[in-house]
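Colleague: This is what each chain is made of:
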Amino acid sequence: EAGVAQSPRYKIIEKRQSVAFWCNPISGHATLYWYQQILGQGPKLLIQFQNNGVVDDSQLPKDRFSAERLKGVDSTLKIQPAKLEDSAVYLCASSSWVAGAYNEQFFGPGTRLTVL
Amino acid sequence: GNSVTQMEGPVTLSEEAFLTINCTYTATGYPSLFWYVQYPGEGLQLLLKATKADDKGSNKGFEATYRKETTSFHLEKGSVQVSDSAVYFCALSDRSFQKLVFGTGTRLLVSP
Numbered sequence: 001e002a003g004v005a006q007s008p009r010y011k012i013i014e015k016r017q018s019v020a021f022w023c024n025p026i027s028g029h030a031t032l033y034w035y036q037q038i039l040g041q042g043p044k045l046l047i048q049f050q051n052n053g054v055v056d057d058s059q060l061p062k063d064r065f066s067a068e069r070l071k072g073v074d075s076t077l078k079i080q081p082a083k084l085e086d087s088a089v090y091l092c093a094s095s096s097w098v099a100g101a102y103n104e105q106f107f108g109p110g111t112r113l114t115v116l
Numbered sequence: 117g118n119s120v121t122q123m124e125g126p127v128t129l130s131e132e133a134f135l136t137i138n139c140t141y142t143a144t145g146y147p148s149l150f151w152y153v154q155y156p157g158e159g160l161q162l163l164l165k166a167t168k169a170d171d172k173g174s175n176k177g178f179e180a181t182y183r184k185e186t187t188s189f190h191l192e193k194g195s196v197q198v199s200d201s202a203v204y205f206c207a208l209s210d211r212s213f214q215k216l217v218f219g220t221g222t223r224l225l226v227s228p
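So the sequences go chain by chain: A and B. All the letters of the first sequence, read from the start, carry residue numbers 1 to 116 under our numbering. All the letters of the second sequence, read from the start, carry residue numbers 117 to 228 under our numbering.
The set of hints was computed from the structure by calculation and includes no laboratory data. Since no wrong hints were added, every one of them can be taken at face value.
Part of the chain B face toward chain A, derived, beta carbon under 8 Å:
(1) PHE205
(2) LEU216
(3) GLY219
The beta carbon of each residue, even a glycine, is placed where N, CA and C say it ideally should be.
I would like the entire structure built from these sequences, with the hints used as guidance.
Modeller: Structure, rendered in C-alpha cells:
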C-alpha cells in the first residue's frame, strides 16, 4: 500500500514570495491533515479535512495560509506571502474514518520550507 | 488546553543500555496517549498507543503505561540498538486519534 505522498521535499524562497505544497493521501482515506513542525518543536495541526470539507482550521493563519481539497482526494497548502517565521517542515497526514470513528494517522515525509 | 511535556534531549546511550524518556500531560477528560517516532529523513510513525488508564502500549520492544494518577506516559526499552536512533514524540488526543497535541520531541542517539 502506498503511503502519503508529498511534494516538493524541499523549498527555498524569499520572504514575501508565495509557495504551495501538495499532498496525496493514502487511497480511501477520508480525513487529511496538515501540520506545521518548526525546528525543535512538535507538529502543530493547521487544518483538518473530512472529504472535501474543513473540520478544523482554528490554528491556520488565514491571512496568509490557505488550503483546499477540492475533490476529496489530494490537497494543496499555500502560503502567500511567506514570512521568515514560516520556515518549518509541513507534514501531511491521512486517516480512515469508519463507523464514526477516526483511525491512526499516517504521515508523509514532509516538505522542508526555508524562507530567506 | 491540552499539553504534553517531555524530557529534553539529546539522550545519548550505548547499545544495549536501558532507555527511559519521560512524558507528562495535562488534559481535560480522558485522553488517548501516543508515542510517535521519526527516523532521519522519514515521516512520523506511530510507535505505540494507550487509550485508557493502566493500559500498556508496546511495540518493537518499547513499552509505555498510561498512568492517570501521575499523568504520565513514560517510554521505556530494556536494550536499545543503534537503529533506535531517532526523535521520539509523545502526544495525546481528546478522542482516539483526533486533534493530536505533540510534545517537543526527544532525540535519542545510540552508539555502538
